[in-house]
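Peer 1: From first to last, the protein sequence lines stand for chains A and B. Mapping to numbering that gives the first Met the number 0: the first sequence position 278 is 277, numbers consecutive. Mapping to numbering that gives the first Met the number 0: the second sequence position 445 is 444, numbers consecutive.
No wet-lab data here; the hints were simulated from the structure. Positions of the beta carbon are idealized from the N, C-alpha and C atoms, including for glycine. Heads up, a few of these hints could be off.
[Stated by the list, open to error] Pulled from the structure, derived: some chain A residues nowhere near chain B, Cβ distances all over 10 Å:
(1) Asp39
(2) Ser46
(3) Glu81
(4) Ala112
(5) Tyr200
(6) Leu213
(7) Arg219
(8) Asp230
(9) Leu251
(10) Thr312
(11) Ala314
[Said to hold, decoys possible] Only some residues are given here: those of chain A computed to face chain B with a beta carbon under 8 Å:
(12) Gly84
(13) Asp88
(14) Gln202
(15) Asp206
(16) Ala207
(17) Val236
(18) Glu242
(19) Thr246
(20) Pro247
(21) Arg317
(22) Leu319
(23) Leu323
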Amino acid sequence: MIMEDSHKRDTFILKRGQYDQRGQKVTAGVPRSLPPLPGDAEINRLSLAEWLVDPRHPLTARVTVNRLWQHHFGVGLVKSSEDFGVQGDFPSHPDLLDWLAAELIQLKWDIKALQRLIVTSATYRQSSQPSLVALQIDPENRLLSHSPRLRLSGEVIRDQALFVSGLLVERIGGPSVKPYQPANLWNEIAGPTTSAYAKGYQQDTGDALYRRSLYTFWRRAIPHPGLQIFDGPSREVCISRRERTNTPLQALALLNDTIFIEAARGLGTRMIRDSGENDTARIRHGFQLVTGRHPSPEELTILLRSLEIHQRTYANNRDLAAELIGVGESEPDHNLTASELAAYTAIANTLLNLDETITRP
Amino acid sequence: MINLDPVTRRLFFRNSGIALGSAALAPLLREQAGATPATSLLHFPPRARRVIYLCQSGGPAQMDLFDYKPALEKHFDRDLPDSVRNGQRLTTQTSGQNRFPVAPSTFKFNQYGQSGAWVSELMPYTAGIADRLCFVKSVHTDAINHDPAITFLQTGSERPGRPSMGAWLSYGLGSLNQNLPTFVVMTSATKTDGQPLYKRLWGSGFLPSRHQGVRLRGTGAPVLYLDNPPGVSRTTRRQIIDDVNAMNRLRLKEDENPELSTRISQYELAFRMQESVPEITETGDEPARTWKLYGEDAKHRGSYAANCLQARRLLERGVRFVQLFHRGWDQHENLPRDHQKQCQDTDQATAGLILDLEERGMLDDTLVIWGGEFGRTAYCQGKLTRENYGRDHHPRCFTMWFAGGGVAAGTTYGATDDFSYNVAANPVHIHDLNATILRLLGIDHLRLTHRFQGRNHRLTDVHGRVISALLA
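With the rest of the complex left out, here is chain A (with noise of 0.2 Å):
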């Protein structure tokens, strides 16, 4: 164990960077600007971890609180929540920040109840509705006058939609899962040679292909592409904040990628299931279930209309039918009619790629 090896190792400035050109032997310490390191502590990792949380401290708590900021609002208070420094943002709230940053330190560092504080504001509330002045003045809404609009990440709209679909497996924990992913791909670019991954990919089965995002397997060579394309970082540099684009290789992951295609049917199985008879009430639960309100006269005029196309393609083309509802490695629900499974799953796939099922609020 580390912690029992008592005998500390030399550290040297490597010349150039070159492992063998030692230069001048350094030891630990912290930047002149930042509080001194309590002075009578042996210099290890507890009396950095203590230094780091003292109420003292400038950079933790402000940095932290402006992170949490930053995942609910989209842009942090520090625009640059990587970078305090010099060469960092102003904040847009100087006052809010450091508030917010005594407010933490208050609770006890507990980021949660932290959290509730910023959603529970009058400012997360606001209707995401921007006015023509607000869009004039403050185009980026640094003024905070609406609720911002952001396009969640890939991991949630994964995870959302197979809740939605009723697939999702909510189990806490346990190694890395590696769901469905095209064929082939680790191959391609690195196969067949590389020992620790001589098989390939060996897809999972079951409720691991249904788990949380977060629990997907991570090469940091090949990233599952179902994540990336959706800005998931490399992971082989530290970021504190994702980019948001906007780009068709989206729209056609979230058109035909087999786990959204699986939770369309999981969507439209609950349309049918859970709502009667009637068409208009079915449409209606499964709309609800992805925005989280009702559709209007409009919107339902058009999913009426499309899901009666549906319909009659699935009811003329049964293997059509059933090559859709046999997407993905759960069973459809053999009670239901294969065409009607068919042309609800055709209705879900519409729903998950709204533009509201995918942004935030």
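Given the coordinates of chain A, work out where chain B should sit on it, guided by the hints.
Peer 2: The following block gives chain B in isolation, referenced to the frame of chain A:
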């Protein structure tokens, strides 16, 4: 406190000072699709508008292909003189050897074209286009193992996380088309096992992720998730996209949100891509001449030859940067046999691509780059015979070549010593090459920057000088 070397420190501040003033330049360079290139905004008049990078992963042996070393013959099975190696670092694959016996190439060399470039018998087709090439025999790199070396070649840093060259170009120059990505990557199937590649080699690092390379696959759907799932016809897909967009438009009426209107057009583009992308890979419309140039192998999707052909088709459709990776050049043993295989897979199509671009009038403004992450040692790894040998990694000198827009065709730059072990004249570091590549595209490598973690970064970091001798 860290004491920076004063020269490094001064350089750092000088360079970051230059970069500070120009950070806003990059977005200005972005061209509108279909519009005339915004060349007036570039730092220099561009000599090339597009790039094909033929990356030979694993480390081709320069002295078996281009760097002719007849003097090795008289040193057969004699130890590499200490004065040549001069205590330089070796990989752990050969540092344990008692001997470092010199292995002359088993392949015959001849001079070709008016330029009289030396090319080995392994590359007859490349030999045939020697006058169109600019050989650089004095390339050197920092890293001695594959992962850091190829990461360095492609991103200008051995450590993962920096943007790849294609990503920098996408960021700096923008797109030439609306239906395809700016930066496309292809990997090819190899007869010999190869070193693994990494997504970072075409990654965007800290640049916005839209600049990362999109990999066109050699099997299955060329672009991930391109194909509709079983049971969804093109008509049904159209219907679903129509409905999604109709409902998104209803929202757009209430809320003039640019992200939302972008999303609507991205769904339309996704639908168009389902037709336009397979068109690139379906090469049935190619004339007979194509197969003569690239070879019959080009009919097999996923082969290096097929990828060379795809590269030309992508360029014709407005893709700016095409990066090919061909693995399998890492011959620690059985080099004569396996380099032969590698050349059979690549030589004809490489030369065919250059000729094809020329015939189509595209070579003038397309830059083609050929090379791997390092070279190989003159001394043998493992058992040495007259017919067989292996070679270890060698970062101190190796050969790359360039062709096309703005390149001094029919020339050779730089030279190595008699053992192809050290650079003897005109060294060219990878940073210098990258600076020169950017220069050919009209970019000053000092001024294409992006701010990350508190400082401006460049493809060439704080290094690099343009090698003007390589420019026509």
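Peer 1: Does each hint hold? Answer for all of them.
Peer 2: Hints, one by one, checked against the model:
1. Asp39: A:Asp39 is indeed farther than 10 Å from all Cβ atoms of chain B, at 23 Å.
2. Ser46: 20 Å, holds
3. Glu81: 7 Å, violated
4. Ala112: For A:Ala112, whose nearest Cβ neighbour in chain B is about 31 Å away, the distance exceeds 10 Å, so it holds.
5. Tyr200: 13 Å, holds
6. Leu213: 20 Å, holds
7. Arg219: A:Arg219 not clear of chain B: closest Cβ-Cβ about 8 Å, inside 10 Å.
8. Asp230: Answer for A:Asp230: violated, closest chain B Cβ roughly 5 Å.
9. Leu251: 4 Å, violated
10. Thr312: Non-interface label on A:Thr312 violated, nearest chain B Cβ at 6 Å vs cutoff 10 Å.
11. Ala314: 13 Å, holds
12. Gly84: Result: holds, 6 Å to nearest chain B Cβ.
13. Asp88: Where the cut-off is 8 Å and the nearest Cβ of chain B is about 11 Å from A:Asp88, the hint is violated.
14. Gln202: 15 Å, violated
15. Asp206: 22 Å, violated
16. Ala207: With a closest approach of 21 Å, the A:Ala207 hint is violated.
17. Val236: 3 Å, holds
18. Glu242: 6 Å, holds
19. Thr246: 6 Å, holds
20. Pro247: For A:Pro247, the interface hint holds, since the closest Cβ of chain B sits about 4 Å away, which is under 8 Å.
21. Arg317: With Cβ-Cβ at 11 Å, over 8 Å, it is violated.
22. Leu319: 5 Å, holds
23. Leu323: Check passed: Cβ of A:Leu323 comes within 3 Å of chain B, closer than 8 Å.
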